[in-house]
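Protein chains: 2
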Amino acid sequence: MIKVTILGVSSAKPTIGRHQSSQVVNVNEQYFLVDAGENAQRQMAQAGISPLKIRKVFISHLHGDHIFGLFPLLSTMNLLGRRTALEVYGPKNLGPMLDWYRTNFEVQTDFEVAFHEVDTTKYQKIFENRTMEVWSLPLRHQLPCTGYIFREKQKEKNVDKLAIEKYSLSIKDVLKAKQGEDILLPSGEVLKNESITFIKELPRSYAYVSDTSRSMMVARRISNVSVVYHEATYTQEFQKIARKRGHSSALDAAQVAQRAGAERLYIGHFSSRYKDLTPLLEEAREFFPNCQLAKELETFTV
Amino acid sequence: MIKVTILGVSSAKPTIGRHQSSQVVNVNEQYFLVDAGENAQRQMAQAGISPLKIRKVFISHLHGDHIFGLFPLLSTMNLLGRRTALEVYGPKNLGPMLDWYRTNFEVQTDFEVAFHEVDTTKYQKIFENRTMEVWSLPLRHQLPCTGYIFREKQKEKNVDKLAIEKYSLSIKDVLKAKQGEDILLPSGEVLKNESITFIKELPRSYAYVSDTSRSMMVARRISNVSVVYHEATYTQEFQKIARKRGHSSALDAAQVAQRAGAERLYIGHFSSRYKDLTPLLEEAREFFPNCQLAKELETFTV
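For the record, the sequence lines run as chains A and B. Take the first sequence: its letter number 271 is residue 271 in the numbering used here, and every next letter is one higher. Take the second sequence: its letter number 173 is residue 173 in the numbering used here, and every next letter is one higher.
Bound conformation, chain A alone (with noise of 0.2 Å):
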């Protein structure tokens, strides 16, 4: 099960009731952070979720806005006593960042911060362990940026109950069948996987999709994603706007969601101007119905 916890919605100026760029994605109890505006570690506490959880970082560009939280937050984790790593990743430049952090902010930090350089030219993936993966996706803005894509992969089959009972199916040929086997019975009989496994659940995945002017070749990387992330900074009306600063309006975000495929979009980074988002709602629905805004504080599932 995939959750997200938004911790910011605001583009780079926030607002009184809006912070920069944060979320914490929640894949089967793995947390990570993706972006880390200023008072991300507030935000956090707010939403009731340790520091102490976060197992990586996921940053998508060296804008200030998504990263001006990340510094405070390893104070914080320090002074919580955090032992365990931090694994880091992001562009290329975060490494030299964390390394100045280190040397001008504390002596020492008392885990291990580990950056892994993502290239933010290639849709690949970059993470992965037993029960899910993450890919990196290329986006276009002002200077190198990644979105994220977090798949659950798919988990073993079920196998019938019934089916072990009628034909005495041993543990290893369960095992067996669990792997996608067909399984040779004693009397020479070829039991097909499919007629004795279920899939229960389908596997979930989601897209954080900030900062970026429209890109159809994102719709095409993020196609079939269960549920997509996109940033909408401005409406329609100011298109140019949002063109020349690698940004997205409502409706780019909608079309994105659309051409993919997604069953659900949600819409974030608002530009400071809109006191009220309903503009921005309304414009992305007009073209993609299943769209909601993105509420800090508020945690949906994927």
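Calculated directly from the structure, the hints in this document are not laboratory data. Keep in mind the model is a prediction, meaning the values are calculated, not measured. Where is the CB? At the ideal position from N, CA and C, for every residue including glycine. Be careful, since some hints might not be right.
From the structure, some residues in chain B lie toward chain A, with a derived Cβ separation under 7 Å [as the list claims (entries may be wrong)]:
#1 GLU38
#2 ARG42
#3 PHE68
#4 SER75
Chain A is already provided as a structure; the job is to place chain B on it using the hints.
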């Protein structure tokens, strides 16, 4: 008139309800930011103070909890279209930090950031204009650290209207009297300055004392300051930890304020271990009754 708006009262580890150190000191409508913990800019917005109003920033020392909010604030000033130079005062290494910030986070700010190094070992005047002065105040912390004292200058004397009429004083005479001179009348009579002038308001002063272990040298140097803000990270119970970490207890703060002969004391920089701050207030008040807890988003007049 000096007014102080508190933005943060937490020590290094912020809590949900408390931000790291930061406050705005307003001396006769000249606005100064003193320290800039994370989220200082949103706290300023909450308090209704535009970042464009800030003339100068004074940083006490280079622990992250006192400067993490500075860089995002500079970004926001830029996004707001600031053109006026910002003068930043602080310990030596703050200069390279500001340079690093400008190289890494923004192509270029459209306003000048002028850095003034403050010698944290010297008690001296670091800025003055027609109406006020700022002094550095060496503190005893883990690394070079300075407090700041804001002093109003004595305003011109007022000349008694009845005296002006009675002696038919010329404008020239009045201006002389305002400067404290005696007046020679055409009759040869000399009017003593004290007999025809009065002082409407005595100049006020404010000392910002954070972070430091208790220092009677500090108390001497802030003697006769009207109002003192002094850090009080712990209650006496943790006196040993306080000393070891270069911090003060509430009692320490009270003793310094009392020795300095302050009218009023505000305590802040509270450890996250205190959910309820009453014990800190009670401890300080027992020794120095005119003590208050500094409260975020509240403004007091010095």
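Exercise. So which hints don't hold here, by number, going up?
Worked result: Hint check: nothing fails, all pass.
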